[in-house]
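Enquirer: Spelled out from the first residue to the last, the chains are:
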Amino acid sequence: MNMPPSSALPVPATQTPTRAMVLTLGLVAAICGLIIVSAYEGSLSAVRDNRRVALERAITKVLPGANKTISYLALPDGAIVAASGGDAPVGALRFHAAYDAKGSLMGIAAEGSAKGYADTVRILFGYSPPCACIVGIGVINMRETPGIGDKILTDTAFLANFKALDTRLNAELSGLANEVKTVKHGTKTQAWQVDAISGATITSRAVGRAINEASQALLPRLVPKLEQIQKAP
Amino acid sequence: MSALPAPNPVSTWDDMMEGVWRQNPTFVMMLGMCPTLAVTVSAVNALSMGVATMLVLVASCGLVSMLRHIVPKEVRIATYIVIIATFVTAIDYGIQAVSLKLYDALGAFIQLIVVNCIILGRAEAHASKTPPVAAMLNAVGMGAGFTIGLLALGTVREVLGAGALFGVSLFGANFQPWVVMVLPPGGFFVLGSWLLVFAWWKKRKRAMSPTPITTSRSA
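Those protein sequence lines, which keep their order, are chains A and B. Okay, so the first sequence: first residue is 1118 according to the working numbering, each after it adds one. Okay, so the second sequence: first residue is 268 according to the working numbering, each after it adds one.
Hints may contain errors.
To be verified - No farther apart than 25 Å at their CA atoms in a straight line, the calculated lysine-lysine pairs in the DSS-like style are these: (1) A:K1268 to A:K1232; (2) A:K1232 to B:K469; (3) B:K368 to A:K1268.
Note that these hints are calculated values from the structure, not bench results. Here the structure is a predicted model, which is why all the values come from computation and not from measurement.
Excised from the complex, chain A in its bound form (with noise of 0.2 Å):
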C-alpha cells in the first residue's frame, strides 16, 4: 500500500496516559463490586427462602404427609450432627428426616446422582427405615431428552420399582446385602431390582446407580445412629 504523503495523515491522537487507564478501570471495577454486592445481599433471603421450599417441597413428594423436615450430616467417623448453614465439613453425607404431625421419624430423604444419557441426573430418594427400603423418588435435575429419558418422571410401570425397594443392610453393616441393580425391562425378580424403562434404559440405569451409591455410602452410617434421630427435636 502507498503511505500518503506526511503532511496529509491525520494527527495522531495523544496517547492515554496509564495513570488514566487505571483510574478509569479502577472506578468501573469498583461501581461494578458495589452492584454485585448489593444484588447479592438484596437477593440473599430471597433465594435461601426458595431453596428451603423447593426442598420441602420434594421432600414431601418422596415422603407423603410429612410435617417436618431436618437436615442432618453423617460424618465420616459415623457421628450424626445437625447440619448447619455453612459448607458441610469434608466427606459428610448430608441427609434429610422428615417427621410426621407428632414429631416421630417417618423416613429419611437423601440424594443421589449419577450420570444419565445427556448430564448428571440428580435424585431425591426416600427411605423408610421399617422396612428398609426405598418408597419414592423425585428428580431434582436432570436434562434427559424429553418425551424419551424424562419418563422415569411418569412411567407408573417404572415409578413401582419404588414403592418398596429393597435396601437392607448386610449381617456386618458394612453396605447393602444386595446392590440395587437396573434390569432390562421385563426381567426383574427380585425385590432389590429396578425394572428398567424400555427405550429408555441409560436414564433408568442412571436412577439406579444413584440410589445404589447413595444409599451403599449413607446407609451403613445411619442405619445404626437411627436411635437418635427418631423424635423431632
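Based on the hints, put chain B in the right spot on chain A.
Expert: Frame of chain A; chain B shown alone:
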C-alpha cells in the same frame, strides 16, 4: 411530536424501533443465536430469557453511555465486558430469587448472556456514542426485538413439541407431541422456517414497490 422537549424525538423513536423491526437482532442481524436455539423449548423460557437479556442490555447500555466521556478508547472493551458481566451477575441473583425452577430451566444460558454479541455490539456501536436516554431507548428496542424473536421460536416449539402454550395444554390428551421440536434440531427447523417467511415477505414487498428499497432503511 415536535412539542416534546427531547432534542430529536423522531430519531429517538426511530432508534428504538430499529431493534424491534428493521434491525431485529434475531431475524435480521442474526445475533445471539446460541440462546435463541437453546432455551426456546417453551414460551415461558423464551420470554424470561428475552426479558433477562433486555434488562442486562438496558442497564449496561445506560452505564456505558454515562461513562462514555471518561473511558479511554484503549480500555473500552474491557470496561464494557466488566459492566455487562456485572449486570448479568445481578440478573442471575434476581432470577434465583424469583424462581429456582426457571433458573434451572435456563441453566448456563443466564451466565452466557455475558458473551451475547447483541449486548457488546450495542455498547460499542451505539451506547458509547449517544447520551444515556437515547442509548437506553435503543437498548429497549433491541431487547424487545430479541424477546419477540425468542418468543416466535418458543411458542411454535412449545405448541408443536409439547401441545401447550405457556404451560397450558391446548389439544388434550390425544395429541401426540412432535418431540423433535423441543430437541436441538427443532430449534433449527423453526428458525429456518421463520427466516423463510421473512425472506419471502421481503421479496414480495420489493416486487410490489415501484422503486427499489433498501432493506436497512425502509421507512
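Enquirer: Among the hints numbered above, which are violated by the structure, and what are their numbers in rising order?
Expert: Failing hint: just 2.
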